[in-house]
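Chain order of the listed sequences is A and B. So that you can map any letter, position 147 of the first sequence is 147 in full-length UniProt numbering, and since no number is skipped, the others follow by simple counting. So that you can map any letter, position 90 of the second sequence is 90 in full-length UniProt numbering, and since no number is skipped, the others follow by simple counting.
Read the hints as simulated data drawn from the structure, not as lab findings. Watch out, some of these pointers could steer you wrong.
[Claimed, not checked] Think about it this way: if two alpha-carbon atoms lie no more than 35 angstroms apart in a straight line, the pair counts; the simulated DSBU-like pairs of lysine-lysine are:
#1 Lys240(A) - Lys122(B)
#2 Lys122(B) - Lys195(A)
#3 Lys117(B) - Lys127(A)
Each chain, letter by letter, is given below.
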Amino acid sequence: MNAAPLCRRPLGCLKTSLRQARQQNVLFGRTMATATETPAAAERTPGSSMLPDHNFYQLMDTKTKKLRSAFAVYTPPTINTTLTTPLKPLKGIRKGGMRPLPPAAPLPGLLKAPSDPMPLLHAAQIKRMDPTGARAKLFEKTRHGVRPGDVLLVTHRRNREPFAGVCISVRRAGIDTAVLLRTALSKVGVEMWYKVYNKNVAGIEIIKRPRRRVRRARLTYMRLPKHDPGNQTELVLEWKKSRKALLSKAGAAKKGGKKNAKKAKAGAVAVVGKK
Amino acid sequence: MLQLKSLINCIDNSGAAIVECVMIVGQKRHASIGDRIVCVVQKQRPGQAEVMGASSSGNKVKRGDIRHAVIVRTRQQVTRRDGSAVRFDDNACVLINKAGDPVGSRINGIVGQELRKKKWSKILSMAPMQA
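Chain B extracted, bound-state conformation (with noise of 0.2 angstroms):
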């Protein structure tokens, strides 16, 4: 159940840690797995060039910046069609360009099955663990 303002952890290598949720695309409800959404990078995550005072190149994206992502886990319960529900300890997203395509090449992390229904096929493949 993400809505505006909602503070979400950011499980890929994109650099962006915690994100800021700005915007639902395509409808007028809460967000939940699999739907995309609008966010603001609130806090970046600490990269190795950054350490080293060049400019970071691990980390793809600032705090500050305005990217767009995809909600991979919710604490709220979803529902499947089988009667079984699945629900996780946090939130959680992966950014993505405007095309569809995972900005950072890495996620950490368990994603929920109902991203395949919603066609998020290459999210899945990166991932390590489907619940």
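For reference, chain A alone in the conformation it holds in the complex (with noise of 0.2 angstroms):
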């Protein structure tokens, strides 16, 4: 060690021999690891336990004031029944809470592939936006439901004018089953989603059915300049009388109008014109 720092700084010698403790420290710690092991953590192979070793994810729970792991570790059933000694809950992490099951008992719960939870979340929110089921029912994929090639005529909430037009397709997807009508509006092609199962849509009805079964599900060649259908306002007009005619013919003309305001309020759908 040089004389001449340490006449300067005489703590200086101090940094030296703490560094080299220092050293030391590490050295001895990395050759020694296997002395210091805990036997409670010796005994603990790794087959028997059911968390690992390390228990650096264990959490003091706020309100039961019990450490709990805030992992949840998946262990497949099979284990748990090929193991035949009982297992010992391990210290620290939350006593009662993990018991180890009789070797015997069967599992069905968790053998059991789990069911695909879509359709049933899709039918609870179809229920939800369509208590009455007269919405499901005019999309059912049956003769009398909607098919491309129907003319629709959807009334809107929000103060927008009823549209009507051509169904090109149907989007069969649980809760978000939507309609795709086109038409023309001042000479201009105009095409529109509709969700079924939205409230704004106060109601859908079918104005006219094709003569000839269409036999195509998108009807996108209606596109074409050659194939398009045009506006669809003449077929409205005319579906309007006719309904108005059969009203007053049941004696309700004049009520006829007021009646079906009102009935496209309360959301109502109703399948008309049916061939």
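Using the hints, put the two standalone chains together into the complex.
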């Protein structure tokens, strides 16, 4: 060690000795790591423990004041059944929380493959958005349901004009079921997607069905000028007239208009114009 | 989805028939319904005064004029908040001045309802239909 710097900085030697000690500490720590293992840890063999040996992901539960593991460790049920000896609850990890399962106990809930939750979710949502089931019935895959080629009239709630158009395609996707309508307004082709189960859609009515069954699911050829169906307002007027005539026959000609408006407000979907 | 060089129909009576987009004002993306663009008039509508030989009083804009415009229809489908979507068969716009007032006095044709959200109420009130 150089003497000159020691004279100027008397505590300099402390620095060097501390550094040496630190280096040694590191060395010894490495070489003697196996000796510092606790007997409790040594007892645990990897197969017997449900949780990994390290416990850095344990958390103190604020409500129960107990240690809990922050991550759920998934163990397949087959491992549990093959184990013959009951497991000891680990120290520190929530007592009584991890109980060994009896070896012979079957686990029907876990052994079965979980069923797809999406159809259930869709059904629940459809039931909420369409409690009467009228919309679902209108879009059933039967003869009476909406098919591409039908002319539909969609009444919207948000002070928009009712939109009539030829149904080009039906997107069947549970709660997201939608129809694509095409018409020409002021000589410009307009296409609208409408969600069937949307509450803003007050009503969907079939105005006209094609004479011949359409043999395509997507009538995109109707975008071509040759096959463009064009404006549907005449059909709508005709249909309204015929409906009025029907209502007047029943002796409710005066009430008809009001009644229908009310019906549309209540979200009723009518299947009219069945051929 | 209108961008630089897009050719757009002009549906008002300002005198322009087809305009070319040269810039989209206030954003660095493609323009949709209700967006403001800068455009060049490429094709004029034949005005009545022009036929007579005098200066075209009916046509407020000439070919080569640089004007602002608002998109009112797009071929690209525009989805609305309630999940419904609208798509037109052509791209159309209405010329406006720098203050945002329409140059023409009449609009021939349907316009998209997105204009209401973007607060183009003057254009909406001039339009014969909304979809």
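Against the structure, the hints:
1. Lys240(A) - Lys122(B): Holds: lysine 240(A) and lysine 122(B) sit about 33 angstroms apart, inside 35 angstroms.
2. Lys122(B) - Lys195(A): Cα-Cα ~30 angstroms, so holds.
3. Lys117(B) - Lys127(A): holds, 32 angstroms
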